[in-house]
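One-letter residues, chain by chain:
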Amino acid sequence: MKNKSLSFIVVLIIAAIIVVIVLDYSAKRPDRLGDNPYEYQFDEYKEVDTSLIGYRETKNFPVRDYKPGALDLYDNLLWIAGEQVLQVISLAGVQQMKTEIQGLPTCIEVNDQAVFIGFEDHIKKYSREGTFLAEWDSPGSKCVFTSLASAGEFLFVADAGNRRVLRYNLEGELMGQFEGKAESSAGHGFIVPSASFDLVVNSYDELWVVNPGRHALENYTNEGQLRGFWTAGSMNIEGFSGCCNPAHIAVMEDGSFVTSEKHMVRIKIYDSSGELKTVVAPPRKFLEEGQAPEVVVDENGVVYALDFDRNVIRIFEKNR
Amino acid sequence: MARDKEYNRREFINRGARFTLGLSLAGVGVAAAVNAGSEKYLWQIDPFKCTQCGRCATDCVLSPSAVKCVHAYDICGYCDLCGGYFKPGVTDLDTGAEKQLCPAAAIERKFIEEPYFEYIIDEELCIGCAKCVKGCSAFGNGSLHLQIRHDICVNCNECSIARVCPSDAISRVPASEPYMIKGDFTANESGEAGA
Chain A
0 MKNKSLSFIV VLIIAAIIVV IVLDYSAKRP DRLGDNPYEY QFDEYKEVDT SLIGYRETKN
60 FPVRDYKPGA LDLYDNLLWI AGEQVLQVIS LAGVQQMKTE IQGLPTCIEV NDQAVFIGFE
120 DHIKKYSREG TFLAEWDSPG SKCVFTSLAS AGEFLFVADA GNRRVLRYNL EGELMGQFEG
180 KAESSAGHGF IVPSASFDLV VNSYDELWVV NPGRHALENY TNEGQLRGFW TAGSMNIEGF
240 SGCCNPAHIA VMEDGSFVTS EKHMVRIKIY DSSGELKTVV APPRKFLEEG QAPEVVVDEN
300 GVVYALDFDR NVIRIFEKNR
Chain B
0 MARDKEYNRR EFINRGARFT LGLSLAGVGV AAAVNAGSEK YLWQIDPFKC TQCGRCATDC
60 VLSPSAVKCV HAYDICGYCD LCGGYFKPGV TDLDTGAEKQ LCPAAAIERK FIEEPYFEYI
120 IDEELCIGCA KCVKGCSAFG NGSLHLQIRH DICVNCNECS IARVCPSDAI SRVPASEPYM
180 IKGDFTANES GEAGA
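These protein sequence lines map, in sequence, to chains A and B.
Position 13 of the first sequence, counting from 1, maps to 12 under numbering that gives the first Met the number 0, and the rest follow consecutively.
Position 50 of the second sequence, counting from 1, maps to 49 under numbering that gives the first Met the number 0, and the rest follow consecutively.
The shape of chain A in the complex, shown without the other chains:
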């Protein structure tokens, strides 16, 4: 009788130990732990007043079979440079051309003379039919080319690695460079903490360069003299967040800018003096902490955004 009681107690203790171990293990499973007491909260900035959103997404064109690197719009065609591929599609999404190129491009510029494709540290020139024409030498070490834009006989190149803008002629001869310091006390050269460094040329052949570390858009002469700038640093919808935004810009016919930001991804339109005009796409349209979409805009104000996280070109049109 005594032995029976002892056995029962031992079995009970063993069972209790097993239950505690199982409960401890199941409670400590990564998917069953509670909230993070040190959560980084910025959800309030992801919400956008719907009255500010002036665009809606109308369609999209998936980019299949290759990794896209850059997007341009010229002659009412979308030019997509991707890993080993240069593809051209109409604004309705119909393929016009697809040809093979070497490497993974980071930027592309198309003008009436040629297609210029930028890679990490060099540029290749192609005919508009996709024939390889020339490869330009790298202008030095640490180059990270992130954007191209042409104005007349010049091609401007944003080099994030060296925090400078290079000016080539269209035959690949380096004509000059500047680091944005100018003589203005307001400017401080280009501050480029990451490989987000964009530039555009507007319809008046004016060069605008993003100074991402200052959340600024700066207007330069071809020789690199600062003519004007505006800034908009804020996590609120009126400004640019983080250290390196806007990551991409495009310019509209009237001189307004389409801007695209990374991490808290959002696309907006500012007038030429930096006033927010409208929101094209709020953060909830994109993956959380996603990459900034490359943006281009057509003459009707339709915005085409190359969403790198989803490999798709997304089309946003003005609300009726």
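Hint data in this document are derived by calculation from the structure and do not stem from the laboratory.
Treat the numbers as computed from the prediction; the structure is a model and nothing was measured.
In silico EDC-like pairs for lysine to aspartate or glutamate, Cα to Cα no more than 20 angstroms straight-line: (1) B/Lys86 / A/Glu237; (2) B/Lys86 / A/Glu287; (3) A/Lys124 / A/Glu99; (4) B/Lys86 / A/Glu38; (5) B/Lys48 / A/Glu287; (6) A/Lys180 / B/Glu113; (7) B/Lys86 / A/Glu288.
Far from chain B by the CB rule (all over 12 angstroms, computed), these chain A residues: (8) Ile13; (9) Thr57; (10) Leu72; (11) Ser89; (12) Leu90; (13) Tyr125; (14) Met174.
By construction, the Cβ of each residue, glycine as well, lies at the ideal position given by its N, Cα and C atoms.
Using the hints, position chain B against chain A.
Chain B in isolation, oriented as in the chain A frame:
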């Protein structure tokens, strides 16, 4: 006859005990020799897998945690507006305590030259919560990241943080390469997408 039997049993037990003890000592000796020849392993965090869940601060057996924020200065942009230092939405960029993201005030902001600032981690104060890492990864370029400091870590047989890590970012690494510092250690080595 009965005495002989009893004597033999005792002798058998004594000899058995001596044999077992000898065998154990030999085993320990062999194991020590094998261990001396093989490499030691330590726990470490892969910064490219880390999702800044906060469990390094709450689940380490040590208090404060052996996990600390480290700074890859060669990646850092020395930004005036640092996403790892300032709370979201701060516009006046000064060192006011109410503007700092770190709950332990473990980051020192030091002026270098206009408009660059250096951010230095005080490891004595750091609790390994990864709040600054999240801010730096989301709004900067990811130069702040977590590492297990081996001068503090007691190298548990089963790391209690590894057990609860939702992204499997903690694994054993050879003691000859005890840290995975960004810059030296790249996303390609990790097998994860870069920050």
